[in-house]
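Colleague: Chain residues, written in single-letter form:
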Amino acid sequence: MITLDVLLFASYADAAGAGRVRVAVAEGARVTDVVDAVRTAAPGLALPSRPLVAVNHRYAKGDDPVGAADEIALIPPVAGG
Amino acid sequence: MITLDVLLFASYADAAGAGRVRVAVAEGARVTDVVDAVRTAAPGLALPSRPLVAVNHRYAKGDDPVGAADEIALIPPVAGG
Amino acid sequence: MRTALVGAPIDIAALVAEVSAPANGALSLFIGTVRNENDGRTVDGIEYNAYAPMAERELAALAREASERFDTQHIVIEHRTGYLALGEASVAIAVAHPHRVPAMDATRWIIESLKARVPIWKLEHYTDGTRQWVVQGHSAVQGSAKMDHGEDPHA
Amino acid sequence: MRTALVGAPIDIAALVAEVSAPANGALSLFIGTVRNENDGRTVDGIEYNAYAPMAERELAALAREASERFDTQHIVIEHRTGYLALGEASVAIAVAHPHRVPAMDATRWIIESLKARVPIWKLEHYTDGTRQWVVQGHSAVQGSAKMDHGEDPHA
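Chains as they are written, first to last, in the working numbering: chain A, 620 to 700; chain B, 620 to 700; chain C, 12 to 166; chain D, 12 to 166.
Treat the hints with caution; some may be incorrect.
[Claimed, not checked] Just so you have them, the derived chain A footprint on chain D, three or more residues with Cβ under 8 Å:
{"no.": "1", "stretch": "52–64"}
{"no.": "2", "stretch": "130–143"}
[Unchecked claim] A short, non-exhaustive set of chain D residues, derived as facing chain C with CB atoms under 8 Å:
{"no.": "3", "residue": "23"}
{"no.": "4", "residue": "31"}
{"no.": "5", "residue": "41"}
[What the hints assert, rightly or not] Chain D is nowhere near these chain C residues, computed Cβ spacing over 12 Å in every case:
{"no.": "6", "residue": "17"}
{"no.": "7", "residue": "68"}
{"no.": "8", "residue": "141"}
No lab work stands behind these hints: they were computed from the structure.
Quick caveat, the model's predicted, so the values are computed rather than measured.
Ideal placement from N, C-alpha and C gives every residue a C-beta, glycine not left out.
Isolated chain A (complex conformation):
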């Protein structure tokens, strides 16, 4: 298992009551596994069915691999400008 601190922002951070959530996933885990682990760890977050995820500051796909050294963030619908 590897431990990851997944970053949360804006409405996600408010809903979780924190700016990050710690999860554990298996070696060889994919982005979708991390999202599933966050759902379990922070049920109050009420994530959409396919939330946007960034890995190392880039938007990632569900089957992208993740490792212990990666910075992973859940990205609520953006609203800049």
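Place chains B, C and D on chain A using the hints.
Modeller: Chains B, C and D in isolation, oriented as in the chain A frame:
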């Protein structure tokens, strides 16, 4: 007959060698009559077949009437901006 | 809403401030500037010549029409006249609106309409000492006499 | 070409100067500002919250992509973070180009792309003391919990 000083600008003024050309047209003349009179008075001007004409600072149509008190100008293709 | 032909440099920051208002979420600005090349010739500067009373009337009409089409009063248009050096702003259009799409649409509509109908002409001065009236973004070489020698009688 | 997340007011005149160059005949500027109303509620100010390293990366990528699509290096994008009062500029995009159409197209492409993909969020503060995260130009009332009480953990 009425006498009119028709204003010229830019390439038209250069071609005519002056910023205005004096023409005489009949009472009840239309814009097209003024244009024809300018062609005769300033043959070096080489006007296009249907030059833009302004009467009192508004674009005019060929059959608009003109009078002695009107300010008439021939408008070369514009190039502002 | 304000439009003007101006003889001095356009103050961009003042235009931005002028159209700003608490209800606006977007501000679109277009600036036309004198560039150093046209049709392959090296430009030194441009002399802008206007049929002033008609150009002022047309600019005001453009602003009114844009105001109706795009539903905002926050429109300023300034156009320079006289000789402009490289890089100087010849025209500036500022439009503010609650929303971005109409702000940008209005700015574009105004510059395109201005170029189509406001009686202003430009005499390009080239580095080789010649000059030429510009027609629709191109120099007036074809279809009319070359005006290299021309003095502008309205300057 | 430069992009930045900034904590202090955006200097519009400086941006205009920064993209100016002798080969450019057109400069297009878009400014997003904090407006006093959204979805019928009276706004006091907006707190802009960014995932800073990713937002900076995305802004730089946007500028690079716009540079290739519209063939100009003269692009500056600045986006504010933190609390902005009414009327303050939250984003400014300046693009200069030899020609007007690509300058305006690039500006529009950048603001639309920025709103679609740069990880920045706004927490609207209303005059009644409540706050709410904005979703796609609308307040996040539907489809998610109302965040009136929320403190921003990243401020």
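Colleague: It remains to establish, for every hint, whether it holds in the given structure.
Modeller: Hint check results:
no. : hint    : result
1   : 52–64   : holds (count 5)
2   : 130–143 : holds (count 5)
3   : 23      : 6 Å, holds
4   : 31      : 6 Å, holds
5   : 41      : 6 Å, holds
6   : 17      : 17 Å, holds
7   : 68      : 24 Å, holds
8   : 141     : 19 Å, holds
Comparing the model with each numbered hint stated earlier shows that all of them hold.
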